[in-house]
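Just so you know, the protein sequences line up as chains D and C, in that order.
With my numbering applied, the first sequence covers 1 to 328.
With my numbering applied, the second sequence covers 1001 to 1328.
Keep in mind that the hints were calculated from the coordinates and are not lab data.
There may be inaccurate statements among the hints.
Calculated cross-link-like contacts (lysine-lysine; reagent style DSS-like; alpha-carbon spacing at most 30 Å) [what the hints assert, rightly or not]:
hint : chain 1 : residue 1 : chain 2 : residue 2
1    : D       : K165      : C       : K1258
2    : C       : K1177     : D       : K177
3    : D       : K293      : D       : K165
4    : D       : K258      : C       : K1239
5    : D       : K140      : C       : K1239
6    : C       : K1076     : C       : K1293
7    : C       : K1032     : C       : K1165
8    : C       : K1165     : D       : K140
9    : C       : K1076     : C       : K1032
Given the structure is predicted, the values throughout are model-derived calculations rather than measurements.
Protein chains: 2
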Amino acid sequence: MGGDNAPREIVAGTLQAAAVFDARFILVGDEKQLAPLVEQAARDAKIEIVHAPETVAMDEAPVAAVRRGAVTSMAKAFELVRDGAADAVFSAGNSGAFLAFSMIRLRPLAGIARPAFATIWPARNGPMLVLDAGANVDCKPEWLVQFAIMGSAYSRAVLGVDKPKVGLLSIGEEEGKGNALIDAATPLLADAPIEFAGNVEGRDLLLGSVDVIVCDGFVGNVALKLAEGAGEYIFGALKDAATTSLAARIGAMLLRPKIREIRGRMDYREYGGAPVLGVRGVSFVGHGRTDAKAVVSACRAAVRAVRQDLVGTIARAIAPPDEAEAAR
Amino acid sequence: MGGDNAPREIVAGTLQAAAVFDARFILVGDEKQLAPLVEQAARDAKIEIVHAPETVAMDEAPVAAVRRGAVTSMAKAFELVRDGAADAVFSAGNSGAFLAFSMIRLRPLAGIARPAFATIWPARNGPMLVLDAGANVDCKPEWLVQFAIMGSAYSRAVLGVDKPKVGLLSIGEEEGKGNALIDAATPLLADAPIEFAGNVEGRDLLLGSVDVIVCDGFVGNVALKLAEGAGEYIFGALKDAATTSLAARIGAMLLRPKIREIRGRMDYREYGGAPVLGVRGVSFVGHGRTDAKAVVSACRAAVRAVRQDLVGTIARAIAPPDEAEAAR
């Protein structure tokens, strides 16, 4: 029920995902709105509807949303994962509330200081995981190390990277050019059980060659929104330019398929959702503008994360095996 | 003598600037290299050469560069400003050293906690000043207030904005969505003698409508390099796309003038240099890739800053009038 296009696009994406992935899907929300969108045949086969009478508003305070209990579709969806009735949860709704539910209903894994939002960036050399993207605005150095470990696990399990290289976002590649957080985190990352590639810079978020970039959630969120804005800025300027002369109009027409392809590559919908890493379940929050295509992408990532035991992998990487077992 | 294209492009830009602006220019550096690039007629009229035998290396530690004394071209140029023989200094050299010289040779104005690097962003609605861009990586809330006051003064004096609107870079427009620094700075900015427009987000660095955006130097530098990278990423992809089919090739050819225009608008060379604000002199540091065009832009900004008494304006805005007078 969350996001600008719910429930129509969410349901449409789920139907497409059900046709492609060997998985079952549970739509959680107002049955009166959902049922007409799903044919009986689909419901019989792979799609179930679980009724929840209320929804979390996009601007609702996260804590207030959690306090309302399992009457909302988001709360109910998280209960299904917590109780083992579902393996993963996706929503395009209120991302602050989604994070709060991930923390409170699914709870952090043993040894995890702070779960993180991770986003997939369409870097020139392939998908790059950037975390934290806004869940933790003031970070301790050790949290960045955990982000690196969680990000490496995700990169391996879901993106299929064998030995993910991790970069620390700073303002110069040399050591000692960052802020206090970076200075403290650098030696910890060098000692961590990851492939630490050293410090990277802002340009490396799009042009770099590492697989995972760690940063605090304030910087990560500013960068994410700036990158979105840069695409809008440049493609908007190209579109305006195309109206200024006949030659430009024809040029833009001929280039349009390629421009679309580039925009598509930069499109958040290719990657569907931002995983919340470090909690006892697979959870992805989508962009407010999520459409059917983004839902399919999120479902693909969720299916892979479940199949590859992402949660168990992170648990074992953070805590020693005994503790990780006990904590599950 | 600084930057990738020195001294040839620096001198070429200075000759162009001398033809346009009613100002005199002093080239500081190795006379043997500089003299052959400047005709005697120009030297007689508006261009002087001051010899300095050594140069600051691009990778030299700032403190080491300052300790070497007035043997380097950068040190000598700053001495000319400090001693009143010049009104402004520009270099495309080592930016860390340039900042150190600004601080130590020109010294901060009375009441200024930390001078800042400011950069001009080509936002959709016009030039936007963003500071700090990397001089101060860990900032106190009061410093951001001073950045706002200095940025407003620059926007008025050099960019000609009557009542510059100032935004605070955060991760949500609502109060309370930032980090500890933002939470502490917001009420201070609301009380400051500026036109505070509230919090802005990463996308507003390119798409927003404020005139000045303040942030700490870590975030500002990550954002600056990301924006440069985003341009390289998108225009690089367009260039690649243009080779993939005949239609795309023709389309790219027809659109090329417009693409160049958009790239030009995003080009750092339009704005020439980053002013160091808060010191007792006008100083601009250029990009390492500075060419003649960037030198002209920097000279234009420097001439305006001097004519509009930028330094005095900032001094009066930060300290009460009596103190500001006494401090000059």
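Tested hints:
1. The straight-line distance between the Cα atoms of K165 (chain D) and K1258 (chain C) is roughly 38 Å, outside the 30 Å bound, and the hint therefore fails.
2. Of the pairs offered as hints, the one joining K1177 (chain C) and K177 (chain D) holds, with about 27 Å between alpha carbons and a cut-off of 30 Å not exceeded.
3. Restraint check: the Cα-Cα separation between K293 (chain D) and K165 (chain D) comes to about 29 Å, which is no more than 30 Å; the hinted pair holds.
4. Between the alpha carbons of K258 (chain D) and K1239 (chain C) the distance comes to roughly 10 Å, so the proposed pair stays at or under 30 Å and holds.
5. At roughly 42 Å between alpha-carbon atoms, K140 (chain D) and K1239 (chain C) are farther apart than 30 Å, so this suggested pair is violated.
6. The suggested pairing of K1076 (chain C) with K1293 (chain C) holds, with an alpha-carbon distance near 24 Å, which does not exceed 30 Å.
7. This hinted pair does not check out: K1032 (chain C) and K1165 (chain C) have alpha carbons roughly 48 Å apart, beyond 30 Å.
8. Our distance criterion of 30 Å between C-alpha atoms is broken by K1165 (chain C) and K140 (chain D), whose separation comes to about 33 Å.
9. For the suggested pair K1076 (chain C) and K1032 (chain C), the alpha carbons sit about 16 Å apart, so the restraint of at most 30 Å is met.
Against the hints set out earlier in the document, violations occur for numbers 1, 5, 7 and 8.
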